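**Q** Chains as they are written, first to last, in this note's numbering: chain A, 1 to 389; chain B, 1 to 242.
Don't take every hint at face value.
Derived, one-sided and incomplete: chain B residues facing chain A with beta-carbon distance under 10 angstroms [what the hints assert, rightly or not]:
no.: 1; residue: 56
no.: 2; residue: 60
no.: 3; residue: 62
no.: 4; residue: 64
no.: 5; residue: 115
no.: 6; residue: 122
no.: 7; residue: 164
Derived lysine-lysine pairs resembling DSSO-like cross-links, with alpha carbons at most 30 angstroms apart [claimed, not checked]:
no.: 8; chain 1: A; residue 1: 284; chain 2: B; residue 2: 192
no.: 9; chain 1: A; residue 1: 379; chain 2: A; residue 2: 363
no.: 10; chain 1: B; residue 1: 114; chain 2: B; residue 2: 174
no.: 11; chain 1: B; residue 1: 20; chain 2: A; residue 2: 21
no.: 12; chain 1: A; residue 1: 303; chain 2: B; residue 2: 20
no.: 13; chain 1: B; residue 1: 160; chain 2: A; residue 2: 284
no.: 14; chain 1: A; residue 1: 38; chain 2: A; residue 2: 92
no.: 15; chain 1: B; residue 1: 192; chain 2: A; residue 2: 172
no.: 16; chain 1: B; residue 1: 174; chain 2: A; residue 2: 172
no.: 17; chain 1: A; residue 1: 320; chain 2: A; residue 2: 37
no.: 18; chain 1: A; residue 1: 172; chain 2: A; residue 2: 90
no.: 19; chain 1: A; residue 1: 234; chain 2: A; residue 2: 278
no.: 20; chain 1: B; residue 1: 192; chain 2: B; residue 2: 174
no.: 21; chain 1: A; residue 1: 2; chain 2: A; residue 2: 90
no.: 22; chain 1: A; residue 1: 90; chain 2: A; residue 2: 228
no.: 23; chain 1: A; residue 1: 2; chain 2: A; residue 2: 228
no.: 24; chain 1: B; residue 1: 20; chain 2: B; residue 2: 5
no.: 25; chain 1: A; residue 1: 311; chain 2: A; residue 2: 38
no.: 26; chain 1: A; residue 1: 37; chain 2: A; residue 2: 21
no.: 27; chain 1: A; residue 1: 320; chain 2: A; residue 2: 228
no.: 28; chain 1: B; residue 1: 174; chain 2: A; residue 2: 21
no.: 29; chain 1: A; residue 1: 334; chain 2: A; residue 2: 2
no.: 30; chain 1: B; residue 1: 5; chain 2: A; residue 2: 284
no.: 31; chain 1: A; residue 1: 278; chain 2: A; residue 2: 334
no.: 32; chain 1: A; residue 1: 311; chain 2: A; residue 2: 363
no.: 33; chain 1: B; residue 1: 192; chain 2: B; residue 2: 153
no.: 34; chain 1: B; residue 1: 114; chain 2: A; residue 2: 284
no.: 35; chain 1: A; residue 1: 228; chain 2: B; residue 2: 153
no.: 36; chain 1: B; residue 1: 5; chain 2: B; residue 2: 97
no.: 37; chain 1: B; residue 1: 20; chain 2: B; residue 2: 174
no.: 38; chain 1: B; residue 1: 31; chain 2: A; residue 2: 303
no.: 39; chain 1: B; residue 1: 31; chain 2: A; residue 2: 172
no.: 40; chain 1: A; residue 1: 21; chain 2: A; residue 2: 92
These aren't lab readings, by the way, just hints derived from the structure by calculation.
Computed from a predicted structure; not experimentally measured.
Ideal Cβ placement from N, Cα and C applies to all residues, glycine included.
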Amino acid sequence: MKFYMMHLMPYADLDLDYDQKHNSAWVTLPNSYYDPKKGAKLYNRYLDELEYADQLGFDGICVNEHHQNAYGLMPQPGVMAGALARRTKKVKIAILGRALPLLNNPVTVAEEFAMVDNITEGRFIAGFVRGIGAEYHAWSSNPADSHDRFHEAHDLILRAWTETGPFAFEGKHYQFEYVNLWPRPYQSPRPPIWIPSQGSSETIEWASHPDRRYTYLQTFTPVAMLAKYMQMYKAMAAGHGYEATEDQLGWSVPLYVAETDEIARREAQPHIENFLNKFLRMPKEMLLPPGYLSLNSMLGVMKAKSSIGTKQTIDDVMAKGMFICGSPETVRQKLEQYQSEIGFGHLLTLLQFGTLPAELTRKNMEIYANEVMPYLRDKTANAIPAAAE
Amino acid sequence: MRGGKGEPLLFLHGSAGASKWLPFMEMLSEKYDVIVPEHPGFGASDTPEWLDNVGDLAFFYLDLIDHYGLDNVHLVGTSIGGWIAAELATRSCEKIKSLTLVAPAGISVSGVRKGDMFMWSPEELAQNLFHNQAIAAAMPPPASEEEVLVLLKNRLMTAKLGWSPRLHNPHLRKWLHRIDVPTLILWGDDDKLIPAAYGSAYRDLIPTSSLEVIPECGHLPHVEKAQEFTSKVVNFLEGAAR
C-alpha cells in the first residue's frame with residue numbers, strides 16, 4: 001500500500017459564527033470573511049505541511065480544486081502543485097483533480113499537468129473530476145452538460161498527451177484546428193490518472209473499463225459504502241475479463257492519531273466537527289444542481305434520508321468509518337482490517353481538517369508517519385510478491 | 001393536450017411543464033382551439049439528441065405549426081415558453097396572428113437582478129412564484145415517484161436551456177424588432193423570478209407590443225389570477241382578430 005497526504009487548504013481562520021447570517025460556506029458566503037493577511041500565512045503553512053510530508057516519507061501529496069468557498073482555498077491547484085514541484089524531492093504530487101466540465105479550454109489542463117510532470121521528472125499524478133455541485137453555481141457552467149463535457153475534455157486531454165501533434169479536434173463542446181502540446185508529458189505515454197468520486201456507478205463503470213483502468217478513488221464515504229464501491233469496481237473489471245489490482249483502488253479519509261484514544265478524540269473533536277458543520281455546509285440545491293446526478297440517482301438521493309443540513313458529530317463519523325481517530329494501535333488495527341477486507345492500494349489521509357491548528361497537524365503527521373505508516377507498509381508489502389506471482 | 005373550438009391558440013408552457021389542463025385553458029377553450037404541447041425534454045416527452053438550446057425549440061415549434069397546418073395561430077407563452085415564443089417570432093411571424101408573452105424569460109436587463117430558481121429550495125420556489133402566499137402554501141407536493149421524476153426532468157431541461165447565461169439569450173434583444181404581429185406582454189407586479197421591470201424592456205424592444213401589469217400577482221398570472229389573465233388575453237385576441 002502507498003501513503004499520501006491530502007490537503008484541502010481550508011480557510012481555517014473563518015469566523016465560525018458566519019452561519020448565523022449565511023446558509024453556506026460556499027458560493028454565496030461574502031469574501032469579506034477572507035482576510036488576505038491571514039490567508040497568506042495559511043497558504044504558506046499548508047505548503048510547509050505538504051513539504052514536511054515529503055521529509056516524513058509519504059509516497060505522495062495531494063492538492064485539489066474547489067471554487068469560491070472557505071472549505072478549500074485551491075481554485076487553481078496547479079499553482080500549489082507548481083510551488084511544491086521544486087520544494088519536494090521524492091514524493092509524487094497529485095492534483096485530485098481538475099474539474100473538467102468547468103473548463104472553457106481543456107488544453108490548458110493538458111498543458112498545466114504536462115508542465116508539472118516535466119518539472120518533477122515524472123512525479124506527477126493527474127486527477128479528473130466533475131467537481132462538486134456548488135462548483136457549477138460558482139463557475140456558471142451548465143450542470144446539465146456536465147457528463148458530456150467531462151468525457152469530451154478527457155478525450156481531448158488524453159489525445160493531446162499521447163498523439164503527435166498537430167491534430168484537429170472536432171467535438172460538440174470543444175473544437176480545435178491545431179492541438180500540438182508543448183511540452184509533452186514527462187511520463188510515457190502519460191501520467192497516471194486517478195478518478196476521485198463519491199460512488200457514482202456510472203463513474204466506476206467508466207473508470208474500470210479496460211481501455212482506461214484508472215485508479216478509482218473513493219472520497220469521504222462510510223466504510224461500508226467504500227467496501228461496496230470497491231467491490232463494484234472489481235466486479236466490473238471481472239465482467240470485462242480482467243482482475244483489478246490494488247493499484248486501481250484508493251481511499252481518501254480524514255484521520256487523526258495521538259498518544260491515546262482519549263487524547264486523539266479530545267484534540268480532534270472541535271476541528272472535525274467544524275469541518276463537517278461549518279466548512280462543508282451548503283444547502284441541497286447548491287450541492288446537487290439539476291444534471292449533476294442522473295435522474296435515477298437524484299431520485300435515490302431525494303428518497304434517502306439525507307444527512308445534508310443536519311449536525312454531525314465526531315461520534316457519528318467515527319462510527320461510520322468516515323473519520324479514523326485514535327491511538328496508533330487503534331488506527332493501525334482499523335486500517336489493517338479495512339485494507340485486508342477491501343483491498344485498496346492507495347491510502348490518502350487528510351491529516352489537517354477544518355480548524356486543526358499547525359502544531360496538532362504536525363503532531364498528527366509525525367505519529368502517523370512514524371507509528372502507523374511503517375507498520376502498514378510492512379504488512380501490505382508482504383502481500384505484494386504473492387500477488388505479483 | 002388540446003380542447004375547444006375556434007382559431008388555434010398554441011400555448012407554450014414554462015419550466016414546470018404542462019401536465020394538467022388548468023382552469024385558464026378551460027376558459028380559453030370556450031373561444032379558441034387551445035393546443036398545449038409539452039416541450040421536447042419535458043414531462044412525458046422524449047429528450048431528442050438535437051435539443052441544446054431555446055433556439056432549437058423555436059425551430060421545432062415553427063415546424064410543428066407547419067406540420068399541423070396552423071395558419072393564423074395565436075401564440076401564447078409563459079416564462080421559458082414565452083422565451084421560446086419570442087425566439088420563434090423573431091425567426092418568422094408568417095403563420096402567427098398574435099403573440100402573448102407572459103413574464104417571458106429570454107432577455108437580461110442590466111442592473112435588475114432576477115431571482116435564481118436553481119438556488120431556491122422547493123419551499124422557497126413556491127413562495128417566490130406567487131404573490132398570494134395562501135396559494136403557495138396550498139401547492140401540493142409531488143404525490144408519487146413518477147411525479148418526482150417529472151419534476152426532476154423538467155428542472156434538468158430548464159437548466160439545460162437556462163443555466164448559463166441565466167434564463168436568457170444575449171443575442172435575442174438584437175432581433176426582437178423583427179416581430180411585426182400584435183403583441184401583448186403580461187406581467188405580475190410582484191414577480192420575484194423575473195421582475196416586472198423586464199416587461200417594459202420587452203415592450204421597448206418589440207415595436208408592435210403593449211404591456212399590461214397585473215397587480216398583486218407573482219410570476220404565474222395564468223395560475224394566480226386566471227380570471228383576470230384570461231379576460232385580458234381574450235380582449236387582446238379579439239382586438240387582434242379584427
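**Q** If a hint holds in the structure, say so; if it doesn't, say that too.
**A** So, going through the hints one by one against the coordinates:
1. 56: violated (13 angstroms)
2. 60: violated (18 angstroms)
3. 62: Violated, about 24 angstroms.
4. 64: violated (23 angstroms)
5. 115: violated (13 angstroms)
6. 122: Since chain A brings a Cβ to about 9 angstroms from residue 122/B, closer than 10 angstroms, the hint holds.
7. 164: holds (5 angstroms)
8. 284/A <-> 192/B: Status holds; Cα separation ~21 angstroms.
9. 379/A <-> 363/A: holds (24 angstroms)
10. 114/B <-> 174/B: holds (20 angstroms)
11. 20/B <-> 21/A: violated (40 angstroms)
12. 303/A <-> 20/B: holds (25 angstroms)
13. 160/B <-> 284/A: holds (19 angstroms)
14. 38/A <-> 92/A: The hint holds at about 28 angstroms.
15. 192/B <-> 172/A: violated (35 angstroms)
16. 174/B <-> 172/A: holds (26 angstroms)
17. 320/A <-> 37/A: violated (38 angstroms)
18. 172/A <-> 90/A: violated (41 angstroms)
19. 234/A <-> 278/A: Roughly 36 angstroms separates the two Cα atoms, so the pair is violated.
20. 192/B <-> 174/B: Since the Cα atoms of residue 192/B and residue 174/B sit roughly 25 angstroms apart, the hinted pair holds (cutoff 30 angstroms).
21. 2/A <-> 90/A: Judged against 30 angstroms, a Cα distance of about 13 angstroms means the pair holds.
22. 90/A <-> 228/A: Status violated; Cα separation ~33 angstroms.
23. 2/A <-> 228/A: At roughly 21 angstroms apart (the allowed maximum being 30 angstroms), residue 228/A and residue 2/A satisfy the hint.
24. 20/B <-> 5/B: holds (19 angstroms)
25. 311/A <-> 38/A: Within the cut-off at roughly 28 angstroms; holds.
26. 37/A <-> 21/A: holds (24 angstroms)
27. 320/A <-> 228/A: holds (14 angstroms)
28. 174/B <-> 21/A: violated (41 angstroms)
29. 334/A <-> 2/A: Roughly 16 angstroms separates the two Cα atoms, so the pair holds.
30. 5/B <-> 284/A: At roughly 46 angstroms apart (the allowed maximum being 30 angstroms), residue 284/A and residue 5/B break the hint.
31. 278/A <-> 334/A: holds (27 angstroms)
32. 311/A <-> 363/A: holds (28 angstroms)
33. 192/B <-> 153/B: holds (23 angstroms)
34. 114/B <-> 284/A: holds (21 angstroms)
35. 228/A <-> 153/B: holds (28 angstroms)
36. 5/B <-> 97/B: This hinted pair holds, its Cα atoms lying about 17 angstroms apart.
37. 20/B <-> 174/B: Since the Cα atoms of residue 20/B and residue 174/B sit roughly 35 angstroms apart, the hinted pair is violated (cutoff 30 angstroms).
38. 31/B <-> 303/A: violated (44 angstroms)
39. 31/B <-> 172/A: violated (45 angstroms)
40. 21/A <-> 92/A: Judged against 30 angstroms, a Cα distance of about 41 angstroms means the pair is violated.
Violation of the numbered hints given earlier is confined to hints 1, 2, 3, 4, 5, 11, 15, 17, 18, 19, 22, 28, 30, 37, 38, 39, 40; the remaining hints are satisfied by the structure.
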